[in-house]
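Asks: If you're matching them up, the sequences are chains A and B in order. Counting in numbering that gives the first Met the number 0, the final residue of the first sequence is number 388, and the numbers go up one at a time with none missing. Counting in numbering that gives the first Met the number 0, the final residue of the second sequence is number 248, and the numbers go up one at a time with none missing.
Derived from the structure by calculation, the hints contain no laboratory data. It is possible that some hints are incorrect.
[What the hints assert, rightly or not] Using 20 Å as the maximum straight-line C-alpha spacing, the simulated DMTMM-like pairs for lysine to aspartate or glutamate come out as follows:
| no. | chain 1 | residue 1 | chain 2 | residue 2 |
| --- | --- | --- | --- | --- |
| 1 | B | K85 | A | D17 |
| 2 | A | K4 | B | D88 |
| 3 | B | K19 | A | D17 |
| 4 | A | K33 | B | E181 |
Only a predicted model underlies this, so the values are computations on that prediction, with no experimental measurement involved.
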Amino acid sequence: MDAFKDVDFLDLNELLTDEERMVRDSVRRFVSQKFRPHIEEYYRKGIFPAELIPEMGRMGFFGVNMQGYGCAGMSNLAYGLVSLELEAGDAGLRSVVSVQTSLAMYAILAFGSEEQKKRWLPELAAGTKVGCFGLTEPDFGSNPMGMRTKAAKTDAGYVLDGAKMWITNGTMADVAVVWAKLDGRVKGFLVERGTPGFKQIAMHHKLSFRASDTAELAFDGCEIPANAIMPESDGIKSPLSCLTQARFGVAWGALGSAMDCYNTARDYAIERKQFKDRPIASHQLVQAKLAHMLTGITTAQCLTLRVTQLKEEGRARPEHISMMKMYDTEMALDCARIARSILGANGITGEYPIMRHMCNLETTTTYEGTTDIHKLVLGKDITGVQAFY
Amino acid sequence: MKILVTAKRVTDPDAKIRVKPDGTGIETAGLEYKLNPFCENAVEAAVSLVEQNGGEVVAVTIGDDSATINLRTALAMGAERGIHVKASDTELDSDLTARILAKVYEDEKPDLFILGKQAVDGDSNQVGQLVAEYLGLPQACFASKMELNGDRLQVTREVDGGLETLDLSLPAVVTADLRLNEPRLPTLPNVLKAKRKPVDVKTPADMGVDTTLKVVTVAYEAPKERAGGIKVKTVEELVDKLRNEAKVI
Chain A
0 MDAFKDVDFL DLNELLTDEE RMVRDSVRRF VSQKFRPHIE EYYRKGIFPA ELIPEMGRMG
60 FFGVNMQGYG CAGMSNLAYG LVSLELEAGD AGLRSVVSVQ TSLAMYAILA FGSEEQKKRW
120 LPELAAGTKV GCFGLTEPDF GSNPMGMRTK AAKTDAGYVL DGAKMWITNG TMADVAVVWA
180 KLDGRVKGFL VERGTPGFKQ IAMHHKLSFR ASDTAELAFD GCEIPANAIM PESDGIKSPL
240 SCLTQARFGV AWGALGSAMD CYNTARDYAI ERKQFKDRPI ASHQLVQAKL AHMLTGITTA
300 QCLTLRVTQL KEEGRARPEH ISMMKMYDTE MALDCARIAR SILGANGITG EYPIMRHMCN
360 LETTTTYEGT TDIHKLVLGK DITGVQAFY
Chain B
0 MKILVTAKRV TDPDAKIRVK PDGTGIETAG LEYKLNPFCE NAVEAAVSLV EQNGGEVVAV
60 TIGDDSATIN LRTALAMGAE RGIHVKASDT ELDSDLTARI LAKVYEDEKP DLFILGKQAV
120 DGDSNQVGQL VAEYLGLPQA CFASKMELNG DRLQVTREVD GGLETLDLSL PAVVTADLRL
180 NEPRLPTLPN VLKAKRKPVD VKTPADMGVD TTLKVVTVAY EAPKERAGGI KVKTVEELVD
240 KLRNEAKVI
């Protein structure tokens, strides 16, 4: 399979440093050597190749934009490029990095004790351990504050009861960052694989994100020690701040899906002949579709790069990230659907990446805050009035 | 052992190259440069030899400022330090490139000099051979396998219809072919480390190299666009076209 080539209509690559270009090229080659040749099979069989995780750790893909504890400590732009290149392979591959880095590792770095950081971060960075993040519940998605999972103080520590759902990396995880209410206040806990009363149950029959490990986490009288609580976590703002980090990677990743769909559709349109042996690329309606896709990708790139600059300067607000996540994922889904229409029947086969990206993007526009919720976040920012309760 | 390797800058092999309208060169706006793939094989060979036998890998590049990233890529793959000889493409030909590299060799006195067999943009395939000639060193070009035996180096070359194995005394000049190895990918931590590794920047004039060119590029032209094929109606027409248009019978 051909190597992925990014789309760069406005020479935006000129804004990258040499280090960022080297990172982009390394990730691209990693994906094209280790992942792209097999992705169709992984997707069809519904498996994520867990054996890649230590290799990804060795490459330095986990904790790219985090400092210390064995993390690469690079720019937010480098982290964005890693996400883009991985998702040009598949959103499932990118999600492993998003969840490990921005949800599990970030939560431990921001809210964990020094002991917890030293215990988990180096191994999570190295990919010798896997982390996941349990916030969403079967009955509470957009409204995480309604969560029913409870923690209660015991003599030895805490006992957890409840369930978390749609947890990426959930069955592979050695450690779960779990959010539960302690006396009505949301707190974070670290729960290790094998703890009695803790079950990691694979979720099957997905028609999206098939090359990704999605699980339900069940806690039934799960006793954890006193040092399992993340001491700096306090209230729903703590997990939400992790989501702001993760959405940044999700948005960057969507650019990768969109570019892969656009490239595929453009190449196909030039090759495919219909009506008097002329390429379908010569049809005005096909050209309009390609122009629409390229404009969408380029607009999203500009938005994404600007938010990334602001994040690097510590000035990105959650509302900026909301706009970027909403816009990029919706643009990518739009591109995937249009690309599918250009490929006609061929677009639905596993021979081309489009239908796979499209199915993944149906998830990407809803997870990490649905498009609707991000609109309401922006609506509140614009009007000062909150429209969700 | 000390090994010198080349880290040649080439235009992105996956990019579509456009010739400038006046034919004086290629359009470079928006064009990215990569490390020559054959040089990646050379760096990989050098780094793995040093990992097994100890020593140091020194990477050298010749080019303008844009060649820095290629030198850094070699450093991220494991070279210890870099030498950047500043010169633009129009100031260089294969002969001058070879004389600059020969001077670097004389200054560094390595046990082995590994180059990419050719650059994938210019495709001249001359520099390694010229360097060996200028230095009076044994050479083995298009290496597909290398093995160090004490103070001698066995190099297998792919030749028409088979393999040829050479046994060289050191120091020697070897040029790397694609099948020599699978170049490692720079990891993110190594990309950061490469930024801090020392790079010595100099010019051919600093080194006392005569910069007179033997070969000057006169013009660049893009290949002619291929016209589409046609269907002939009769055998006679086909024979006529083969004889009078294609002039092959």
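Asks: If a hint holds in the structure, say so; if it does not, say that too.
Replies: Hints, one by one, checked against the model:
Restraint check: the Cα-Cα separation between K85/B and D17/A comes to about 18 Å, which is no more than 20 Å; the hinted pair holds. Taking the CA atoms of K4/A and D88/B, the gap is near 26 Å; set against the 20 Å cutoff, the hint is violated. For the given pair, K19/B sits about 26 Å from D17/A by alpha-carbon distance, which is inconsistent with the 20 Å threshold. Taken as a hint, the K33/A and E181/B pair is honoured in the structure, with Cα atoms around 13 Å apart against an allowance of 20 Å.
Going down the numbered hints, you'll see the structure goes against 2, 3, while the others check out.
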